[in-house]
Structure formats: structure tokens, C-alpha cells
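Asks: Chain by chain, the residues run as shown.
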Amino acid sequence: MANDFEPVIIGFTCNWCSYRAADVAGTTRLKYAPNVRLIRLMCSGRIDPTFVLKALADGADGVLITGCHPGDCHYLEQNYKALRRHRLLQRTLAQLGVEPERVHLTWASAAEGAIFAATIDRFVERVRALGPLRWPARPKPLPVAVAPELAEEALP
Amino acid sequence: MTDQPQQHQQEQGQEERIGVYVCHCGTNIAGVIDVGSVRDFAGEGLKGRGVVLSRDYTFMCSTTGQELIQKDIAEHGLTRVVVAACSPHLHEGTFRTACDRAGLNPYLCELASIREHVAWVHTDHDAATTKAKAIVSGAIERARHSVPLEAIHVPVDAATLVVGGGIAGLQAALEIADAGHEVYLVEREPSVGGHMAQFDKTFPTLDCAACILTPKMAAAGSHPHLHLHTWSEVEKVEGFVGNFTVTVRRKPRYVLEDVCTGCGICIEKCPVVVVDDAYEAGIGYRKAIYMPFPQAVPKLPVLDPDTCTYYLKGKGSCRACEKFCPTEPNSIDFNQTEQRINLRVGNIVLATGFDLFDARRIPQYGYGRLPNVFTNLELERMCNASGPTGGAITLRDGRTAPKSVGIIHCVGSRDRNYNNYCSAICCMQSLKLAHLVRERTGAEVHNFYIDLRTAFKDYDEFYQRVLDEGVHFVRGKVAEVSEVPRGPDEAEGKLYVQVEDTLIGMQRRIPVDMVVLSAGIEPRHDAKQVGQTFGIACSANGWFIEKHAKLDPISTMTEGVFLAGCAQGPKDIPASVSQGAAAAARVLMRIRQGELALEPVRASIDAERCSGCRICNALCPFNAISYDAAGGVSAINSALCQGCGTCVAACPAGAIAGSGFSNEQVLAQIEGLLLTNLEPAEALT
Ligand code: FES
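Read top to bottom, the protein sequences are chains E and R. Throughout the first sequence, residue numbering follows my numbering, covering 1 to 156 in sequence. Throughout the second sequence, residue numbering follows my numbering, covering 1 to 685 in sequence.
Bear in mind the hints are in silico, worked out from the structure with no lab data behind them. Hints should not be assumed to be uniformly reliable.
Distance condition first, Cα-Cα at most 25 Å in a straight line; then the derived SDA-like pairs of lysine to any residue [as the list claims (entries may be wrong)]: (1) LYS216/R x ALA179/R; (2) LYS477/R x THR533/R; (3) LYS31/E x VAL274/R; (4) LYS547/R x ALA114/E; (5) LYS528/R x ILE115/E; (6) LYS31/E x LEU436/R; (7) LYS550/R x LYS216/R; (8) LYS31/E x LYS236/R; (9) LYS323/R x VAL274/R; (10) LYS216/R x LYS528/R; (11) LYS550/R x LEU30/E; (12) LYS547/R x PHE534/R; (13) LYS528/R x ALA114/E; (14) LYS31/E x THR27/R; (15) LYS550/R x ILE115/E; (16) LYS31/E x ASN335/R; (17) LYS547/R x GLY97/E; (18) LYS251/R x ASN335/R; (19) LYS31/E x LYS403/R; (20) LYS236/R x TYR80/E; (21) LYS547/R x LEU30/E; (22) LYS550/R x THR27/E; (23) LYS31/E x ILE265/R; (24) LYS547/R x ASP4/E; (25) LYS403/R x LYS457/R.
If you anchor each label on the Cβ, the simulated ranges turn out as follows [claimed, not checked]: (26) ARG440/R x ARG122/E: 52 to 60 Å; (27) ARG344/R x ARG122/E: 22 to 30 Å; (28) ARG87/E x ALA630/R: 32 to 40 Å; (29) GLU599/R x ARG84/E: 20 to 28 Å; (30) THR309/R x ARG84/E: 50 to 58 Å; (31) GLY97/E x PRO621/R: 32 to 40 Å.
If you want the ones that stay clear, here's a sample from chain E, every Cβ over 10 Å from chain R, calculated [to be verified]: (32) ASP4; (33) PHE5; (34) ARG40; (35) GLY59; (36) LEU96; (37) PRO100.
The structure presented is a predicted model; accordingly, all values stated were derived computationally and were not measured. Glycine included, each C-beta is placed from N, C-alpha and C at the ideal position.
Next up, chain R with everything else stripped away, as it sits in the complex:
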């Protein structure tokens, strides 16, 4: 860490030997910017600013490009390196490492982003070239005021927090725990399992979802290194990578976890029956004290005070669960309250999943108004042998089997009025449901689709199979589902699906008994808030943003926070499992390394110059600045400082130095950026 960068700033620039490298990036940069002109501008025009050599090369990030820099450092004694190429978020590390290999302090290497910020966003070649020169000149001036820095090493706590106990979170948690490290799995619902636990079969193999999921749930429930916190939510996250302190709010279950055996007698005896709109998607029932499903993990009931008679009618009433509880002491505790626990973890995996699109938002499809319009999730529950109908597919009356079913794809997806993205799973899910309906009821099935997207292993084969099974496919976006017959040809009591069949160019009205809406998936309604808790951002559509869309869909911009499953974007089960495993691998790598090298961007106070005004004290959000009353000066605890630089900007005495982004660096960069208002020749003087 640097203490007083100011001291050696003023004259230092003069003796620097700066090497400038302008990357073509194939034609990405060279196609818009006159690379040769930028090279000459730096090499000749800025000689007086310490530039001793300036080169251009097709791909600076290639091994040859990096070796070029290394060789020059050795042969020409470069003291600063400026690479004009892509965004520092992409290759800063690459070039810093190259410098390090050649013995130059990595923080003396500066990147000028002329691809993302110039070549890719401007079309006027002259203007782009001028701007590129300005950026290069700014980087050179900044580099002249850079000082050697050392990375900060922090230890990594080997415990990990996994948020969300769906299939992605379970996978991540189990892999980390299997490696012998402690994992805290926090789940908002009473049981782990997530959406997958609600499904009957999984595409394309038609494995029973419970058969493949419950072993994982059970393993999570009994793993010695895996600590489940269900019916709980993360409330606060403090600290940084390697060392987070997480506050978890445990909602009251009104059941003593260490005493209850999960025998289920309380559930049996509870006289209150309510509609279960969570696990059973609104088509089944549960008691006021309930377990979401028989295989729930942990195998503990939860009491819902909003429907329980004891809470509604006041003390003394009902208490059936308590009366019949066979354990000693009694497992029911009506006085249980919310609890907060603190966990210390080094890394976090966010696998918070998705919400189903609310089909009521498309009134013309009639969901919620026409009884025999169902959602995909309702049909999933109906197909499930342990579901409310025992696996029978029926109309809303619970008895009549449909003779014809229409399945509408892309409900709420690929639609500008709702979500413009493809939900990625609905095509295959609709095909699976079509298969199940045919298999179980023999009904005629019409699938209404915009495009069929059956990419990935064995998916298109499944589509062929469903075609062979005689499911009808109509290509067109459904305009309306109506129960009103039009004319004497149409019978009462049917649902009419109005659609333009775009393959034959005709409007059609197809009568069916049942309509299933393949509702798409959406980010969790509170994703933004959750993102703020963990310090990560959401995309325009509301999915958590990964560090790099292609090269790093697992990390986030916040070190130590990883993503898995649908929280990052729509994906199916195999993809969620893969991402969960990938996140686990990242965490394990971190744990294995034992410590982390962090950017040495920190603030420090020069006690000599500090007047003790204490303006900075209140500005620090991390309480890193304290006032030493005896010495009459403030001091920064560099272990707590995160390097935002707010105090640096606020100090009226200029006593606070911000390493990596010092006043001198920024002021010089401003000068450099504005230098090229002049033509290169004039800029020299």
C-alpha cells in the first residue's frame, strides 16, 4: 500500500519511459480508428510526455502481443505501459500480468478503452480517431502519475452461503459440502426443492421429478456439513469477499425444530382447510398447520398464523395440534417469534430462482375468469400422482376428463406487451404436457406455438415423438380464448381458441374442453431488492447480471457473489444443475486458494496534513475512518476501507490519498484527455 503518493508525484513524470501499444483487435478497432495515426500521435506527438516507443499490433491480447510488451520492458527499460485496446473490465488483468512477468509493477500498466468506448460506438472515422487519441493521451498522463502498488491479501472464510434451495442451489450446496466445507443453505419456503418439487415429469426423458430430486433433498437434509435454514430469508449482508457477515431472519414456524419428529399428527388433527396457492398452485388444499409436500426437507410442519383458529379467534380456542402432539416436550410453540442469526461466510451463491408469469395479466386468454383455462403449473400439479387429483387430468370440476385440450405456448414471453425474452423452457414443457395429456386421457391435443425451440440434447427427438403421438401443432399467436359460441355451428360449454394459422394463412376457431397456458418465467418479484442486499444489479428484464455474458456467466461484478439457476436468466433443469455445479467449483477454488488478492484501491490519511476537521468521518459507509482525539487527526483502517474515494474527494486539506485513483492521476488524466483539442504538432509544446 502506498502511504504518501503525493510526495513523489510532481517531478516523477519527467523521467518516465512509457511504451504505448495500440491494438487493432482484428478489424474491431482498426476498421473504424486509424490505428497508425494513433500510434504516431503517441510515438511522435507525445515524446515530450515520456513516450519512448509506440507500436500497433493486430491482437495485443494474444501471446505474441503480450510477449511484445514483455520484451520491450526488458530491452527498452519501460517504466510505464499504456495499452489502447478493449475495456479494462476485459483485459486489464491480462496486460497487468504480462507487465508483472517482465518485472514491472502491474499497477503501472494502464488500459485505454478504444474499442467499447470508441470503435464500436462511433461511425465517423475522423471523430473516432481523434477521440481515441484523446483517450490514449489521457491514459499516458494518468500512467505518469501511477505509483507501484501491491495487491491486498485477504483470507477466505471456508464457509459458504447458498441462497435458494431449488435444484440449482441444492446442487451448489451439496458439491461444496461434499468437499468437506460448511454450507448454510437459506430457503424462503418451508422446504427445499423449489419449483422442481412441484413437477411431475421432466423433459425430455420423462423421469419422475420427485424420483431424481428427493435423493438430493434428503442428502441436503442429513449432510453433516450442510446447515439448512428454511422458512428464512437473508436480511442483511455486510463485509466483502472472503469475509461476509450475513444476517438471516428465521420466520417462526411455531414448531420446535429439535423436538418435532415430523409424525404429521398435528396436520391430521388440524380442522382448518385452506387453498394452497403456493405448492399446489391454487388447485389443492392444505391445513393451517402443514407440510408443503410429503417429501419435504426438513420434515417439519409449519403453522400459518393467518389461517390458524388460535390466532384468529384468540387464545383458548382450538389448539388441536398442541393437544395431539405426542412429543415430550410439546413441539407446538404458539409463542415462537422471529429470530435473527448471524453467519460468517467467505462466498455466496445466489440461486433464488424465478416467479411464474401471472396469466391473469392477459385477460383475453381468460385465466381466472374461464374455469377451464389452466396454467402450466396447475396442470403439472394435476399430473402429479401425489397432487390434488391423484394424477388425474380433469376439468375444474375435478371429475370430467377433457376430450380436447389446447396448449398455448409463449404466454407472456416473446411479447412486447409483457416480456420480450424467450422463457427457454416453455416449448419443451408444453410438449411434455401434451404428451402427458395424450397418454393419460387420450384427448385430442392442439399446441399453439409461435416458433418451436427444441435446441439441446434429445429435445428435438422428443418433439418428433410427440408429433408421432398425434398431437396437432398450429403455428400462430392465439388472439383469444372465448366461451361464447359464434353462430349455430358452435356448441355451448366449449372453449374456442381463436388463432391465425400462419402456415395456411387462415383464421381458425378451435373448440376445446380445456386450455393450458404455458406461462413464461419472470425474475422474482423482489429480485431488485435482493440484488441490493447482495450488491449486485439486475438487467433491464430483471435477471441478475453476470460478470460476462459469455465468458463468465457465473460470477457477478461483486467479488465473492456467484449466480446459479434461473436467477441469472431462464434455463431448464440441466442448465441449472450445471450452473450450480460451476458456482460450487468457483467457490471451492476460492476456498482452496485460502486467500485472495484484492485491488489495492484504498484511502489513507497523511497525519501531517490532517487538520482534524472530521469532515471525512461521517462520509464513510464502512466506518473505516476514526478520529484520534489525542493526536487530533483522523485515521483510516485499511482493512475496512473499500476504496470508493468519497473521503479523498471531501478532504479540504488534501490530506487523504486514494491509491489507484489519486488526485494527481485523475487531474493528469483530465489534462491528457483535453490535450488533443490541439493538433498533435501543437500539443508538443
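Bound conformation, chain E alone:
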């Protein structure tokens, strides 16, 4: 069955490994699906679940979270914290009626441009198969750890 739905995906990368993997994929001219738009953070530990929910609420069909391999985090072990948050977030998503597979976590070292590209291709196909998320964009949902200004904004 042909599926011409083009998902939009937000990808979070850490400055030290996965963003560099994306750079390496570029310098080596690997080709991958154009559906993922990257955001660079210093570390995967910086990823606030709010960011992910915000992306989904604002129209993304999936979110890709990437960081350094376990043991390689530039800040020692913060990617383990990202891992924990990802697990928790997936449970929350299920409760909100969103397929947890829409938020995928993976590791990529600065050398793994090819792996990074392949991961993107695979994830895009997975989200494509899930179909559009169609999360009503507004009013904004109130997720777990909301920044207060957002909370205020969302009040009537």
C-alpha cells in the first residue's frame, strides 16, 4: 500500500556526538529522508519532556531524541537521565493516547554518520506507518513539568 503521508519530525541532538554525527552524514554526502528537523542542545540531559510535548502539540508527528552512547556523554552520565525521562515520557504519552513509538531515543557517536542517517530513515518510515498525529494544536496541553510562563499562557 502506497503511503504518501510525509511526517514532520523534530530531532533533538546533543552538541558533542549526535549533532556531529549529523554533520558527518553531511560531509560524507549520505542521503536520508528530509523529514527530520534538528535542534541542537548541549546534551541529551537538557531535554525537558515539555520540549517533546510541545513539538507534538505544535504539529510534529514524531520526535527523535539522540545523544552520545552510554559512557560517552560529554557531561559524564547525563544521557542516562535522558534515558530515564524518555521511559517516563513514553508512559505519559500512552496515557494521553499517543503512540509511545512516536518518540524514539537512540545514541550516535560523532563517527556514526551512517548509523545516524539509517536511524532517521527507519524512524521516518515508522512514523509514516503510524500516520499523522493530529494532536489538536491549541489550546496547548499542560504536560508534566511545564515552564510556568506556559502555564499562565494556557489559562483562559
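Fit chain R with the ligand to the known structure of chain E by using the hints.
Replies: Same frame as chain E, but now just chain R with the ligand:
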């Protein structure tokens, strides 16, 4: 540093005057992305988001491109600059500096990576253009929430740590020490010198390796500013550029370093003889107390408790070394234990070298099974006048000179089953060994090669010379080395090299007395672990990754950690020396500057909003967050904070601000990235 970026975030965006610049990068970007369309999208479609001008230009990073930005800042009063070009890892600094020159705070300049992340990785022009627009829109939204920041200045400790005492590390250490700065050279083996100390001659000039290396080793041993820690390993590295604290584990030598004179009597008297599989590559012997080689630096023996009778048979036995030691007090100390010392350094040079490919992994070549199959390193030791055979090239029996020798190139290199890369040194090393074998034994020599790679100064001339000397070259990958004669024409007691000679298109079996395997070089077996200690990554092949493959093969992604020698990738002696010198130059530059400007990416807590829940306290790997019980709030020590942002993400009260990557910036960027789901016209509203 910013204290409360949140305060001035909300309305600020509205009055911004943003300039957008879309780079063609020649055809690199413009060949895939419709640059004009991206420019118009930003310039017209995003007017409502504060964009006052949008331009495209062939090469934004050129002087003209930078001047364009500077001029616009002056003339149009830009308050934010967004450059859609290459990865920020390449040119963020360039454009930030340009903004700074024009009087705009450099942290108000935002890069949108549309080359590495779009043009180079996508082929569909429409999809690529749409994605580029999304990235530009994300960068614009992010920039609207950027705040001016000041770089953080940290002092640089003038002492340097060099890890690895091979030729690359020695070079780096000596150059820094010669400039008058303290250097700690940590070497895992009992002596400095590295692999080069094992060689006999060096290509292409055939200089004696020891003659050119030992003066450097001696200089390192006696230099007033160079502190050797041999038989030691780096265990832990804490802190950051300018200010590292390094824990070095000194393994027990069982010899008192300040008392021992290196007279060697203990070695002479030691009754235990064992195979030396380190320095002598397994073809020579050493005692249980030994110095790896006569010119070792420091000139101190080391006792190996795994083979020493005292340790094996229990107290009271042997102790010959102790009995005969002439020093007062006695230099032998059977009770010595491991020691840990802490060093404070500003910069680190990693020159940890390589391991030799284990030729046993290719069973069809027979190494370890057929006695007269040798490795290149074994032959190096044999050629060496101070080696186990006194410089004579012999078969495994130690007496018979070979009449014919086959040298197989690329063993374990350029081979998908083992390492796919070229080890870079084996062609020249094989040619050198061919020359030495011919010179010393007059034997017929066959070199079996896939391709001959003799790039670099005087290398091809050396190849010509070896050709003229009558060495035979067979182009083809050797299938097998066998001792079994095939048919009556083949004699017993020979080794048969089975190869397809691709130049004549024929299978050949060449009988030889001795086979030498030019084993390639590999990353150290523990390179990954060492990389983790120093916070740097390894490539897919296991070499330490440099900051930029072409423009910066010396730095790493971790500030203050530099690379030299084969740890970064296969290279020969001149290249290792050059890289060691280059690393030293980098370190000296840092020391000269005295202080460093670091990215002002730091977290800070707004005491007003902090509820004192202490969730953040345990999350910080650098212990930068402490709880003030009196005030009932947590506080961040910005000198310890490294800016990972984990606490920012965890604070349930939103009380922690992360400068450079604030919640507002990231949330706005998400909005911006998703804005272009709509067509530009709709996006306006
Ligand atoms: S720096 Fe990459 S995950 Fe922490």
C-alpha cells in the same frame, strides 16, 4: 552571565530587527536548495516575526560576506543576525566575530545549518527547500529569544600532561618543556621510546632508529622541566580545559627510583629467564627483573612479580637482586605498592600510539603455527644489532640464514575481514625490510603487494632503489602460506606462498625459507576506554577523532585535549613528529594567552522561584549545585557548572535558567521549525 533571562523574554521578540543571510556556498547549497525562495520566505513571509532584511550571497564566510553583515548591522540597526549556511561547528565563530566587530553581541548571531543537514543529504529540491525554510524559521524564532552573553574567562594552568612517550609524545613534551613550562609525561611501559625504540633502521634514509631516538629520550630524562612518570597510567581526569586534575596510577617497580643507580647488577644476578613478548616481540628473553632495552629512560629496572621467584615461591626464596644490590640503602623494595598521584595541568596531549595487528587472526598465513613465518616487528628486532640475534637474520632455529624470503604486505589492512583502512606505513616498512634482508643475507626477496603506496618525500626513490637491488615484486593478495609440498616438484621443508599474480593473470606458488608478515597497525586495544577517561570519542575504526579531519587534525572536541601520532590514525615517524610539534604549538599558544574564553553556556537558579525541592542537587555530575539550608534554596556554582542543562530540564518550578539554551529559545525554535508546515503566506498570520 545572565541571571534571569526569563524576565525580558516575553515581549522582547516584537521589537527585534533581524537580518537573515542565506549562503549559496558556491553550488554546495544553491545546487540543491532554492536559495532565492528561502531568502524571500524569510524576508517577506517572516516580516511579522521581526525580519527586516533578507539576503543571499555566494559565500557568506568570505570577507565580503562578513562585511555585508557588518554593514547591515551599522546601517539597519540589526539586533539579531541569522546566517543560513554550514554547520555551526564550522563557522559559528566566524559569524559571531563578524557581529562582534560591528558592535553586536556575538551570542545574538544564530546559525542555521542548511548545508550539512540539508543540501548535502537530500536530493529532492522541493523537500530540501522546505526543510531549509523550516530550519531558518526555527533559527529566527530562537534568535528572537537570545540574550546578550559574555564569554567566561578561565585561567590556563601552564603545566601540561603528555600521555604516551613514543616519538610523538616525546616531541610534544620536549618542545613544551624547552619553552620553559612544566610537562608531565606519563608512559605505561617501563621506559619511554615507544615502538620506534624497537626498530633497527628507519625509512627512507635508513637512519638507525636508536641513533636518532635516544638523544631525545635522554633529553626527556634529564630535562629540568620534564617530569617522567613511566610504568604509570592515567586513571582519572577531572575538571576542564585550563584546569584539569589528573590522577596517575604508578605501578610498583619494586625498585626505589631515587636510590637505584641503574648499574644492572640485579639483572645480571637474577636467575629467572622469561620470553620478552613486549620489547623483543616474543623472539628474545629477559630476566624477571629487567630493563626493556639498554638505552631505557629512565635507566631503572622493573621487577615483574608474575615471574619473580620471590613472589611465586614465597618469602625467603631467591632475593638475589636484593642480595647483590650495591646501593645503600638497598634499591630493591619487595613491599612497594601502587601509588596514586594528582597532577594539575591546563592542557593534555594524547599520544598513546597503536597496537600491532595480531597476525594469528589470519590462520591461512600460518603465523604461530609455521615456525618460519615471522611478523614485521620480529624481523625488526632481528635486524637490530642489540636484538636477540645480534643483528643476524635467521630462521626460527636462530642459526640458519634464509636463502629466500617472502614479504607479505597489507596483513590485516585493506581487508574487509579485518581492518578496511590502509595502515600507511607497511609499504615503506616492507621495502625497508626487503632491503635489509638483501643487504644482510643476500637472499632472494619476493614482496607480495596489493598496491604500492610510496607517497611522500623520497619514498618512491627508495622503492626504485629496492627495485634496482633486485627485489622481486608480485602484485596480488596472498591466499595462503603452506608447508605442504604439492606434487613431486615441490621439496619438503619450504614454505609455499600461494598467490594470484594479477599482472600476468596466473596463480603462482613461490617457495621460500622465511615469510614475513607486514602486520598493519590498529588502535590501542583499550583506546575506547582511554577516550572515555579523557572525554573524547573514537572513530568507527577506533582512532581518536580529531576536531576537523582537514583543518584541525590536532584538537579534539574536548577543549584542551590534543592528539599526536598514531592515536589519531596511522602515520609514519615524520608525520608523528610533525603532529607532536603541532600539538606542542597549540599548547604553548594556550599557555601564552594565559586565559581562555569559554562559551557562556551555564545554568543559574532564580532564588525567588526556587522552592528548595532539591531535585536538581543530585542530577549534577560536577557537584556544582548546593543547597543553602538557611535560605531554603539551591544555588549553582558557575565555576563548576559545565552547562549540560540537565538541571534546567528537571526543575519543576522552572527556576533554573540555562543561558545559551534557555527554555524560551528551545520552545521558540520548536515553534519556528514547525511553522513552515503552512505555506509562507499563511505563516504570516
Ligand atoms: S553530551 Fe551527548 S548526551 Fe550528553
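Asks: Against each hint, give a clear statement of whether it holds in the structure.
Replies: Each hint tested on the structure:
Proposed proximity of LYS216/R and ALA179/R is supported: the alpha carbons are some 16 Å apart, at most 25 Å. The straight-line distance between the Cα atoms of LYS477/R and THR533/R is roughly 39 Å, outside the 25 Å bound, and the hint therefore fails. For the hint pairing LYS31/E with VAL274/R, the CA-to-CA distance comes to about 56 Å; that exceeds 25 Å, so the pair is violated. The straight-line distance between the Cα atoms of LYS547/R and ALA114/E is roughly 18 Å, inside the 25 Å bound, and the hint therefore holds.
With a C-alpha separation of about 18 Å, the suggested pairing of LYS528/R with ILE115/E holds against the 25 Å cut-off. For the suggested pair LYS31/E and LEU436/R, the alpha carbons sit about 49 Å apart, so the restraint of at most 25 Å is broken. With a C-alpha separation of about 29 Å, the suggested pair LYS550/R and LYS216/R falls outside the 25 Å cut-off, and the hint is violated. Restraint check: the Cα-Cα separation between LYS31/E and LYS236/R comes to about 40 Å, which exceeds 25 Å; the hinted pair is violated.
For the given pair, LYS323/R sits about 21 Å from VAL274/R by alpha-carbon distance, which is consistent with the 25 Å threshold. Between the alpha carbons of LYS216/R and LYS528/R the distance comes to roughly 29 Å, so the proposed pair goes past 25 Å and is violated. Of the pairs offered as hints, the one joining LYS550/R and LEU30/E holds, with about 19 Å between alpha carbons and a cut-off of 25 Å not exceeded. Simply put, LYS547/R and PHE534/R have alpha-carbon atoms about 14 Å apart, close enough for the 25 Å limit, and the pair holds.
A threshold of 25 Å between alpha carbons decides the hint, and for LYS528/R with ALA114/E the separation of about 20 Å falls inside it, so the pair holds. Distance check on the hinted pair: LYS31/E and THR27/R sit about 17 Å apart at the alpha-carbon level, within 25 Å; holds. For the given pair, LYS550/R sits about 22 Å from ILE115/E by alpha-carbon distance, which is consistent with the 25 Å threshold. With a CA separation close to 61 Å, the supplied pair LYS31/E and ASN335/R exceeds the 25 Å bound.
Proposed proximity of LYS547/R and GLY97/E is contradicted: the alpha carbons are some 44 Å apart, above 25 Å. Proposed proximity of LYS251/R and ASN335/R is supported: the alpha carbons are some 12 Å apart, at most 25 Å. About 55 Å separates the Cα atoms of LYS31/E and LYS403/R, which puts this hinted pair outside 25 Å; it is violated. A threshold of 25 Å between alpha carbons decides the hint, and for LYS236/R with TYR80/E the separation of about 20 Å falls inside it, so the pair holds.
This hinted pair checks out: LYS547/R and LEU30/E have alpha carbons roughly 20 Å apart, not beyond 25 Å. Between LYS550/R and THR27/E the CA atoms are separated by roughly 12 Å; this keeps the pair inside 25 Å, and the hint holds. The hinted pair formed by LYS31/E and ILE265/R fails the criterion: a straight-line CA distance of about 66 Å is larger than 25 Å. The straight-line distance between the Cα atoms of LYS547/R and ASP4/E is roughly 40 Å, outside the 25 Å bound, and the hint therefore fails.
Restraint check for LYS403/R and LYS457/R: the C-alpha separation of about 32 Å exceeds 25 Å, so the hint is violated. The given range of 52 to 60 Å is respected by ARG440/R and ARG122/E, whose C-beta atoms sit roughly 58 Å from each other. Separated by about 47 Å at the C-beta atoms, ARG344/R and ARG122/E break the suggested range of 22 to 30 Å. Checking the proposed 32 to 40 Å range against ARG87/E and ALA630/R shows it holds: the Cβ atoms sit about 37 Å from each other.
As the Cβ distance of GLU599/R to ARG84/E is approximately 27 Å, the hint placing it in 20 to 28 Å holds. At roughly 54 Å, the beta-carbon separation of THR309/R and ARG84/E lies within the given 50 to 58 Å, and the hint holds. Roughly 36 Å separates the CB atoms of GLY97/E and PRO621/R, a value that falls within the hinted 32 to 40 Å. Against chain R, the non-interface label of ASP4/E holds: every CB pair exceeds 10 Å, the least being about 13 Å.
The beta carbon of PHE5/E is kept farther than 10 Å from every beta carbon of chain R, the shortest such distance being approximately 13 Å. Here ARG40/E does not stay apart from chain R, with its beta-carbon only about 7 Å from theirs, under the 10 Å limit. A beta-carbon of chain R is positioned within 10 Å of the beta-carbon of GLY59/E; the least distance is around 4 Å. For LEU96/E, the non-interface assignment is confirmed: its Cβ lies about 18 Å from the closest Cβ of chain R, beyond the 10 Å cut-off.
Every Cβ of chain R is farther than 10 Å from the Cβ of PRO100/E; the closest lies at roughly 19 Å, confirming the non-interface assignment.
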